[in-house]
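If you want the building blocks of each chain, they are given just below.
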Amino acid sequence: MANYPTDLKYTKEHEWARVEGNRARVGITVYAQEQLGDVVFIELPKVGTKVSQMQAFGVVESVKAVSDLFAPLSGEVAEVNAELVKKPELVNQDPYGKGWMLVIEISSPQQADALLTAQQYEEFLAKGGH
Amino acid sequence: MAEALKRTPLHAVHVKAGARMVPFGGWEMPVQYAGIVEEHRTVRSAVGLFDVSHMGEFEIAGPGAFAVLQRLTTNDVGALAPGQVQYSLLCYPDGGIVDDLTLYRLADDRFMLTVNASNIDKDWAWVTDHGRSDARWKNVSAETALLAVQGPRAEALVGRLADVDLTGIGYYRFARGHVAGVASIVSRTGYTGEDGFELYVDASQAMSLWDALMDAGKADGIMPVGLGARDTLRLEMKYALYGNDIDQTTNPIEAGLGWVVKLAKGEFIGRAPIAKAKTEGPRRKLVGFEMVDRAVARHGYRILKDGAEIGVVTSGSYGPQVDKYIGMGYVPTDCSGVGEEFEVEVRGKGQRAKVVQTPLYPSKVKKA
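Residue numbers (our numbering), protein chains in the order written: chain A, 1 to 130; chain B, 1001 to 1368.
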């Protein structure tokens, strides 16, 4: 299904990770941005920050809701999408593209095995998504 | 077990339109359709249609109705002629607010009160406890639907469908007529800061009126608007929301609602403590603020100055039209002037904010 690209891995907290060698690009899923509604604020860590798998790395806020962002993989923040500070709506408009949030330099590649495939994530959503 | 949520006569319309339905004050209501930001901006630039049928309506009629309302409400019913609407408050003897409401004078001895949905039962108990034998209360909430048409295109749209001349209805005035053939109270009121109308109709006619407005409104760029944008629209205007900014612990003076308290009219419930607050000046005031640091203030967040707690945020979000993070909150009177700075505690960290002139977005209502 186009909503959940098969080249991505997913968390049960609705983040995605695109593993590219020893790095992973990270964002939130179509489902997550739909549930939040219009995203109006994003707080992201600085480059160099250490993040741990399934620990909060930032915050996303919509008009009505505040939600933590969880790291799909452990490592060090190598890149941050600074564009989102000014244009948080990119998360709604293009969650797998311009709405990316971080690139993580992965410290434990084997952690990717714990993430969901697109099919597993869709099955998880079909059961309610929480 | 939780009580089943109540539904308005337009529930099926919202579901069909793809609205996200959420619980609100005991009701299952649409929080958004296309998206809060887009709906908000559509109301500011074109026209939006709201289902606010969850609001409560009480009628009171009889020779004693005037006296009952003068005692129950803070504004001066003597200044209200038939065909006019008045914003007012019900207060407790200690000056705390039971609810805020709009009062319609339907005839010399007949009135309608529109109250907040979440307060219907409480208000009904309160007003009927303060009745008289020569005035009859009637709760018409269930048989009344309320549609709000708000925005710069509202008058043109409703005007095309109405059999009354809308230009003759001033702000906070109403007329009886038909809109798309549906018998309505056509009231030039609202909760957005835009020109517009609130249409009171029989619940059985709500769907027909909704469809007619959506259909005729296509040319005007109409969108259905949910409670999410209703909240951000009123926040940009610094209109108080009961349960957020005002409640039984706040008095009208500190809430900036002294303009609907008429001490000169004589005795009413809550008069003495409100008069005292007015004479002495309130200890704290409800202010509108915008964030200086990049952060979103939310209801319940603490307001700090030099590390000490001085107040509380009562409403906060992103203002889609002003394109800023904005809010309302209570701060000590000496920190309430425009330009005063304080901090809002967001996730344990103080974020700078400053008091601003309100409304944050200039009101477009049609003052006569």
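Do not rely on the hints blindly, as some may be mistaken.
With the Cβ distance kept under 8 Å, some of the chain B side facing chain A (calculated, not the full set) [what the hints assert, rightly or not]:
1. Gln-1032
2. Gly-1035
3. Ile-1036
4. Val-1037
5. Arg-1041
6. Thr-1232
7. Val-1296
8. Gly-1300
9. Ser-1317
10. Tyr-1318
Think of the hints as simulated: they come from the structure by calculation, not from any bench.
Bear in mind the structure is a predicted one, so any value in this text is a computation, not a measurement.
Backbone N, C-alpha and C fix where the C-beta goes; we use that ideal spot for every residue, glycine too.
Hint-by-hint comparison with the structure:
no., hint, verdict
1, Gln-1032, "6 Å, holds"
2, Gly-1035, "5 Å, holds"
3, Ile-1036, "4 Å, holds"
4, Val-1037, "4 Å, holds"
5, Arg-1041, "11 Å, violated"
6, Thr-1232, "6 Å, holds"
7, Val-1296, "5 Å, holds"
8, Gly-1300, "12 Å, violated"
9, Ser-1317, "6 Å, holds"
10, Tyr-1318, "4 Å, holds"
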